[in-house]
Amino acid sequence: MQQFSELVKLLSNSTKTNEKLAALSQYFATAPDKDKTWVLALFSGRRPKRTVNSTQLRNWCIEVANLPEWLFDECYHTVGDLAETIALLLPPGTKPISAPLHYWLEQLMRLEKADESVKHDFILQTWDALDRNERFVFNKLITGGFRIGVSQKMMVNALAQTYQIPAPTLSHMLSGNWNPYQVTIEDLLHLHTSGADASRPYPFYLAYALEDTPQALGSEKDWQAEWKWDGIRGQIIKRENQLFVWSRGEELITEKFPEFQSLTAALPNGTVIDGEILTFMDGSPLPFQTLQTRIGRKNITKKQLQEAPVVFLSYDLLEYEESDIREEALAERRAKLEELVARINDPVLKLSPVIGFESWEELIEQRLTARSKGSEGLMLKKLSAPYQVGRKRGDWWKWKIDPFTIDAVMIYAQKGHGRRSNLYTDYTFAVKNGDQLIPFTKAYSGLTDKEITEVDRWVKQNSIEKFGPVRTVTPTLVFEIAFEGIAASNRHKSGVALRFPRINRWRKDKPVDEINTLEDLKELLRKYESKE
Amino acid sequence: MKLLEFTDKGIYCEAGDFYIDPWKPVKRAIITHAHSDHAKWGNESYLCEHATVPLLKLRLGNDIKVQGVAFNEPIFINGVEVSLHPAGHMIGAAQIKVTYRGEIWVVSGDYKLENDGLSIPFEPVQCHTFITESTFGLPIYQWEPQEQIFSKIFQWISNNKQDEKASVLLAYSLGKAQRLLYQLQDKVDRFLVHGAIAIPHATLLEEGYPLPPVERITPDTPKADFKNAVVIAPPSAEDHVWLRKMQPYSLGVCSGWMQVRGNMRRRNADAGFALSDHADWQGLLQAVKATKAEQVYVTHGFSNAFARYLTESGIQAFAVNTEYGDEEMIANPES
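So the protein lines, in turn, are chains C and H.
Position 217 of the first sequence, counted from 1, bears residue number 217 in the UniProt record's numbering, the numbering being contiguous throughout.
Position 267 of the second sequence, counted from 1, bears residue number 267 in the UniProt record's numbering, the numbering being contiguous throughout.
Extracted from the complex, chain C is given alone in its bound form (with noise of 0.2 Å):
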């Protein structure tokens, strides 16, 4: 653990990409192999099945180190995270012990069906045998969310230096369904054998936002222009008879889409399509917000099937007729999917439609139509490119249309998490309603860390509560909200619910009562919200 504990701490106190990546790749050269192979999944967000939760840890840990529940909160709501909180509060051990990693892993996994009591006396000894950095570690494979800055680019790259093989093979590899309890880091990178487990996902390939004009990228006759869709990225893949459906976030989603079903038989084996899931009905996209019904469900209604039915709009051919056509040239590819797309001809498999333009000017005109179809602006793909791995430059750019933007004044702030513990960070905002003030988003980025520090000291002055998570703050500080799209929703108090919100600047300049109206966000709603 205490290998394991050390490159945590390396991992998060680094600032230097060369840095991380030399301790990875040291770690990966010299861990226990199991070890190996836990690292992996955590840092890949494969997190451990929790068997002791976080009420148990907070009151164990309270029980510990004596104190009152209300003195516990205040020290998390300063730390910012539960497993730093415990381990900086704990006194220290007493009877160490050492131990892998995969060792108390094990032992917690043991925990699935035992008695509150033995939980109880575990995590008590186990506390009592770790060091400060241990304990915060040991607690974070309990909590989850190790949030180190190690990009899963980074840590192919570290395995990649490690075991001699190529970086976009060991990402296709370490992606889709596997389990770190079952599987050793010899199967995982088919060390032995070469067998391939049939749901596994191709890496997805993702752009960066174009920032120049687009006149920059050189010719229009290299470039596809396609419309940016506001949905959840997957990959539906037919392989061995089966349909498995990824989403970007490298989860298996296929049950919650029962639509995609009749894709089983239809698709032949050996097909991965790139793609957005949208909710859609009668020829366009649904506001995301109907998407959201449809997640974070394990039984889906009629009633949801009824409204808001989805369907895949497909972007990209990465496998075809049993083989991976990554390396072909997007022309090729496309023609391919087109031609796959119209034999199949089922209503939930969707072209993502290409856009015609003969100049750039042409596309700059049509951009600015992007919103009136329920896209949130433009994807420019190069004809003559590859299927890459992560996001890179060069070959695809999202080119978004300018958002939306409402002048609001701060009425509530939080400390935040990670970097921002101890900090004021994250914000609810309203707008003018006569002489109401009615909150409508939460925004948490979009600050300089010198703003940051300036609003965090004006709160400290200027809250009214003196303990727990929330202050409430005299309405005085005044920011423009930013955010991608604006949706009715019964569920907030303004009946207005916000795509992507975030600040985009702090307008010292403008007075309170010169913030916007309740009425300018209903306005934005009548204007955007029913053409989508």
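Simulated from the structure, these hints should not be mistaken for lab results.
Just so you know, these numbers come straight off a predicted model, no measurement behind them.
Beta carbons are placed, not taken as given, at the ideal position from N, Cα and C, and that holds for glycine.
Just so you know, not all the hints are guaranteed correct.
As the list claims (entries may be wrong) - Derived pair list, reagent style BS3-like, types lysine-lysine, alpha-carbon separation capped at 25 Å:
(1) 152/H to 95/C
(2) 27/H to 9/H
(3) 152/H to 9/C
(4) 34/C to 49/C
(5) 460/C to 24/H
Stated by the list, open to error - Under 10 Å between C-beta atoms, here's a sample of chain H residues computed to sit facing chain C:
(6) 139
(7) 141
(8) 257
(9) 269
(10) 308
Stated by the list, open to error - Beyond 12 Å from chain H on every Cβ pair, some chain C residues (computed):
(11) 111
(12) 112
(13) 179
(14) 217
(15) 218
(16) 283
(17) 320
(18) 321
(19) 329
(20) 353
(21) 494
Given chain C's structure and the hints, the job is docking chain H onto it.
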């Protein structure tokens, strides 16, 4: 009328007509220590511990009217007895004891319990009412013994040398920087320091403190001097072009705030050392208890939480707002 009042100018004693660490100009100011949030410019007269006098002059100018007194040496101001007692926060740092008609109040200023080797260690003073700081008044702040922290700092310096990097330590220029110099002098041959540290350093050497020699970094310092060097700079140097010349270097921040990972990651430092000149949670509790005070006022820091905890433990305590800050930088905790 209470013996000491919290006014808009600072902590005021009406009976003696003087202020302690006022934040607006007053006639007579008693100063706990020379940090800028406690020793403000513009008072007609200053009174502080002898060791603070040169630091105060350095900061506020030679023309200020300042009287030095020794620790534990009572003086009378308008019939009110005032004495200064070691606070251990930095050189010259004092707690102020105010006695009048049998009632005793003590103002802590900033303090720590650990002996840093340079300042006179904290001495608890029994009183009826104690006014305490609470910069690190949450139980997540439990410092490691300084021997351990310094051995980590030294280990980090050695690792940097192996990697052929300079070690740049960010530490507050008055107090923390000298503590580093004092504690590392047997293990490090040569210290390069920022001007903000070189200036008080010269004053303290003149005063005879056992500090190692330092070399002030100037625009003419050759780049070669920074190879594997140990550099001490104030936190404000962090984002400065000034650092570029030292490349390759590793950046280490010395501050109690480094206890929490998020703070450290925010600083973009390569290493964080939770080394503080303030008492940690246990230190605050121990200090409060040692005063045997019946009543406690809690100023700058996590004042609400610390006051509530004391009250629940049977010591009547109140949080008060002051304008004292936190010389360890990084966003202030609530006041």
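Each hint tested on the structure:
Pair hint residue 152/H plus residue 95/C holds up; C-alpha atoms about 23 Å apart against a cutoff of 25 Å. Between residue 27/H and residue 9/H the alpha-carbon distance is near 11 Å, which keeps this suggested pair within the 25 Å criterion. A distance of roughly 14 Å separates the Cα atoms of residue 152/H and residue 9/C; the hinted pair therefore holds under the 25 Å criterion. Taking the CA atoms of residue 34/C and residue 49/C, the gap is near 17 Å; set against the 25 Å cutoff, the hint holds.
Only pairs whose Cα atoms come within 25 Å are accepted, and residue 460/C paired with residue 24/H is accepted, the gap being roughly 21 Å. Hint status for residue 139/H relative to chain C: holds, with the closest Cβ pair at about 6 Å, below 10 Å. Because the smallest distance between the Cβ of residue 141/H and any Cβ of chain C comes to about 8 Å, under 10 Å, the interface hint for this residue holds. A least Cβ separation of about 8 Å between residue 257/H and chain C falls short of the 10 Å threshold, and the interface hint therefore holds.
A distance limit of 10 Å between C-beta atoms decides the matter here; for residue 269/H the minimum to chain C is near 8 Å, and the interface restraint holds. Interface hint status for residue 308/H: upheld, as the beta-carbon distance to the closest one in chain C is roughly 8 Å, under 10 Å. For residue 111/C, the non-interface assignment is confirmed: its Cβ lies about 27 Å from the closest Cβ of chain H, beyond the 12 Å cut-off. Look at residue 112/C: its CB is around 30 Å from the nearest CB on chain H, clear of 12 Å, so calling it non-interface holds up.
Consistency note on residue 179/C: stated as away from chain H, and its beta-carbon is indeed over 12 Å from all of that chain's, at 30 Å minimum. Residue placement check: residue 217/C keeps its beta carbon more than 12 Å from all beta carbons of chain H (closest about 34 Å). Every beta carbon of chain H lies more than 12 Å from that of residue 218/C, the smallest distance being close to 36 Å; the non-interface claim holds. The Cβ of residue 283/C sits about 48 Å from the closest Cβ of chain H, beyond the 12 Å cut-off, so the non-interface label holds.
Residue placement check: residue 320/C keeps its beta carbon more than 12 Å from all beta carbons of chain H (closest about 45 Å). Taking the minimum C-beta to C-beta distance to chain H, about 48 Å, the non-interface status of residue 321/C holds against the 12 Å cut. Under the 12 Å C-beta cut-off, the non-interface status given to residue 329/C relative to chain H holds; the minimum distance is some 42 Å. With a closest Cβ-Cβ approach of about 44 Å to chain H, residue 353/C is found to remain outside the 12 Å limit, as its non-interface label requires.
Here residue 494/C stays apart from chain H, with its beta-carbon at least about 30 Å from theirs, past the 12 Å limit.
Checked against the numbered hints above, the structure violates none of them.
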